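Undergrad: Chain by chain, the residues:
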Amino acid sequence: MTGLLSRASPQTLRLLALALALLATILFFATQIEGYLSPRMFNRISTSAAVVLPLAVGQAIVIMTRNIDLSVGSIMGVVAYMAGQSLSAMPEMHPVLAVLLCMAIGAGFGALNGIIIAFGRVPSIIVTLGTLALFRSFLVEWSDAKTITTASLPQWLVDLPSANAFSIGDLDVRVTVVLALAACLVTGLALTFYRPARRFYAVGSNPDAAVMAGINARRVVLSAFILSGAFAGLSGFLFLAKFGNITVVAGLGFELKAIAAVVVGGVSIMGGTGSMIGVLMGALLVDTIDNSLTRWAVVSEFWRDALLGGLIMAAVTLDTLASRQLTRLRKGGQP
Amino acid sequence: MTQPVLELKGLSKSFAATQALKDMSLAVMPGEVHAIVGENGAGKSTLIKMMTGVHQPDTGTILVDGQSVTLKSTEAAQDAGIAAIYQEPMVFPDLNVAENIFISNRSKGRIMRWSEIYAESDALIAPLGVKLDVRRAASGLTLAEQQTVEIARALSLKVKVLIMDEPTASLSAHEVARLLDIARALKAQGVAVIYISHRLDEIFRIADRVTVIRDGQHISTKPIAEVTEDGLVKDMVGRALESFAVKTAANPHGETLLSVKNLTCAGVFQNISFDLHKGEVLCFAGLVGARRTDVALTLFGIAPATEGTITLAGQPVRITTPQQAMDLGIAYVSEDRRKLGLAMPLSIFANISLASLKKLLKPFGLIDRQAESAMAETYRKRLAIRSPDTRVEVGKLSGGNQQKVMLAKWLETKPRVLIFDEPTRGIDVGAKAEVHAIIRQLASEGVAILVISSDLPEVLALADRVLVMREGRQAGILPIEDATQERVIAMAAGQANAERPAA
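Those protein sequence lines, which keep their order, are chains D and U. Residue numbers for the first sequence follow my numbering, so the first one is 22 and each next one is one higher. Residue numbers for the second sequence follow my numbering, so the first one is 8 and each next one is one higher.
Calculated directly from the structure, the hints in this document are not laboratory data. Note that the structure is a prediction, hence the values are computed from the model and not measured. C-beta atoms are modelled at their ideal positions from N, C-alpha and C, and glycine is treated no differently. It cannot be assumed that every hint is accurate.
Simulated coverage check for chain U against chain D, where a stretch passes if three residues somewhere in it have a Cβ under 8 Å from a Cβ of chain D [what the hints assert, rightly or not]:
1. 13-22
2. 77-88
Just the calculated beta-carbon pair ranges, DEER-fashion [what the hints assert, rightly or not]:
3. P230/U / A343/D: 34 to 44 Å
4. D343/U / P144/D: 18 to 28 Å
5. L118/D / K115/U: 28 to 38 Å
Sequences and hints are given; from them, build the entire structure.
TA: Here it is as structure tokens:
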């Protein structure tokens with residue numbers, strides 16, 4: 022065991038632990054909830070996770086650069102509302118264009134965050150805490166407290182949540198799920214093989230060295246926030262498609278889910294590390310727990326947020342303890 | 008005469024009220040090793056930052072291959088063929104070695120071809136004489152290994168001018184030799200090496216020409232054959248120094264204060280045994296990676312021993328936390344001022360009082376500010392910390408003065424045993440002589456002193472006895488009379504003929 026521990030990379034071990042946790046969670050709820058392992062439950066969890074996944078992907082990029090984006094829930098809400106409005110007004114807009122529009126609006130909000138953080142040198146936690154509230158107030162102002170309803174949306178969008186991409190056995194994989202997975206996959210590939218994307222890791226790993234190595238760290242941080250905004254825009258689109266009815270509280274509290282997914286997925290809050298496969302598993306775990314708790318009679322659903330918070334803390338604590346232990350083991354292993 | 012590859016003409020630079028550089032001119036030829044020496048604060052770092060595009064000069068021009076250039080960023084400097092490696096290596100701990108090497112290489116295109124990168128990294132590392140797995144993460148590499156990564160990074164950029172800023176400050180003797188070999192190889196390929204070091208012996212081993220700067224001004228540039236060590240030092244400090252390697256005054260050894268038997272920290276080091284007397288200076292010599300610092304960390308309670316005994320003033324003690332060590336009167340002046348020693352954004356007085364705040368408490372747990380600044384003022388005078396007052400941020404001081412602040416912090420705890428880890432790493436000759444004098448002075452006051460140093464002349468100048476370590480084991484203890492550079496190196500490197508008399 023010791024030999025294995027010191028040979029496998031910490032990242033691999035973390036993913037392994039995460040996969041086990043996911044499996045254990047599913048098995049646990051299977052014993053608690055009747056008819057848990059059903060195609061219906063799969064659908065419920067997968068479509069719900071699909072909304073969070075793009076948020077988490079963007080958040081992961083930001084956290085890799087040693088920053089945080091607390092405003093993603095608000096961006097998502099604003100985008101969902103604005104997209105709903107635009108599609109009501111222009112129902113003939115092409116679906117692809119609609120998705121791109123959502124991402125562009127989100128990117129705009131992200132750019133605002135990024136500019137203040139990278140060029141105004143204000144800590145991201147402060148800036149995005151401010152814009153978390155600002156963007157939400159903007160939504161209230163913009164919407165005039167009116168609600169977007171399914172009735173005003175084009176038919177293709179109303180049908181989208183139940184549209185099937187393909188099926189595995191009797192498990193249906195929805196188009197929205199494929200869209201979210203694609204975002205995660207493309208980002209994952211870019212972070213591994215696209216040189217400019219590697220700079221997110223570099224800047225988070227050692228900001229001083231990044232500057233010395235000729236990397237424009239500010240531009241990298243700005244890009245991270247723009248991407249986070251764009252992915253929040255994609256989540257906004259998926260949110261609009263899933264729920265149809267958009268009020269001023271759309272996306273409220275989603276930043277907590279996104280950060281939980283990222284941190285549980287093994288992206289270090291100290292920057293520099295993290296993988297998209299981890300973020301995917303983190304989002305799945307968070308949403309599995311979230312959706313299962315609503316069906317589990319033992320716990321009141323008001324405890325769901327508390328559980329998310331607890332999960333974030335547990336993940337970081339475990340990670341710190343485990344990596345310390347691992348370092349010690351490694352040191353001991355050397356001559 | 009060939010054209011200089013890099014020429015600086017009349018560079019000046021001011022930061023707020025301080026003029027860091029005044030009318031600096033310098034010409035560097037292809038294929039030469041050009042040494043730049045000067046005390047800390049002489050303007051060397053500003054000069055380097057100007058050449059690497061970190062800062063831009065207020066006035067003056069920089070010419071590369073005779074063409075006037077504006078180096079507005081590190082990127083621009085790299086494109087012009089100028090790169091630097093620093094005293095504190097700049098690596099990315101989370102990225103693997105290969106990616107660290109190619110991080111700023113823009114010729115590689117936008118898609119990462121990992122197998123190609125691994126192969127090329129291997130090819131770059133191999134001639135540097137270091138075994139390094141290019142696929143491992145850079146976290147946990149030793150300083151020397153990190154530096155190798157930086158050199159490989161510079162080589163991958165096909166540099167015309169490589170600036171080495173204090174590259175050997177934390178290297179052991181044989182690593183220094185290897186680095187100098189690398190510098191010579193670069194020179195043979197026509198690369199101009201700008202070599203900045205406080206270690207004059209290295210400069211005489213490697214440099215073709217040497218430039219002295221002082222107070223931001225160019226003092227002299229001479230071929231190495233025309234200068235002497237004394238002459239250089241005189242140019243640097245602007246006055247003649249008494250021999251800067253203080254010869255040990257015979258120290259009458261007092262009673263045994265600290266006795267260590269078979270100290271072991273599983274997997275790190277084993278069976279370290281020595282006695283340390285009052286008023287004695289015991290130096291730990293060895294190559295980097297010999298685990299000398301780990302022994303110090305164990306004595307200071309950071310990494311408690313797994314076996315062996317520590318006896319302090321006749322009492323067996325078990326030290327498991329730094330607090331305990333401090334209560335027993337053991338102080339550790341760390342090697343890494345930035346990370347472990349000082350709170351850089353805090354003032355001098357706040358740093359000095361940090362380890363002894365309990366003494367300054369008034370009722371309700373408030374700190375007596377007056378007593379605090381009086382305490383700091385005493386040390387500022389006693390250790391000659393160069394700063395107008397003690398409210399200055401420590402981060403703004405030169406390395407030597409930072410070292411003195413750190414020392415003041417520990418002296419205030421009135422230690423019985425004082426452990427110095429590389430006390431003069433990266434500080435200039437003048438400050439070095441002062442630190443040496445302070446160490447000898449403390450010893451004569453009866454403090455038992457342990458010094459870890461990779462600078463052999465320093466070890467021989469300071470020590471009463473030398474404990475040589477090799478790969479986590481004790482290679483032997485030499486009384487100063489028997490310690491010569493050759494013998495210590497031989498023991499540290501594990502040559503057979505040196506082992507016999509060491510036992």
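Undergrad: With reference to the structure, classify each hint as holding or not holding.
TA: Status of the hints after comparison with the structure:
1. 13-22: It is violated, with 0 qualifying residues against the three required.
2. 77-88: Our answer is that it holds, as 5 residues pass the Cβ test (under 8 Å) against chain D, meeting three.
3. P230/U / A343/D: 34 to 44 Å: Given range 34 to 44 Å: violated, Cβ gap about 58 Å.
4. D343/U / P144/D: 18 to 28 Å: Once the Cβ atoms are compared, 26 Å apart, the range 18 to 28 Å for P144/D and D343/U holds.
5. L118/D / K115/U: 28 to 38 Å: holds, 36 Å
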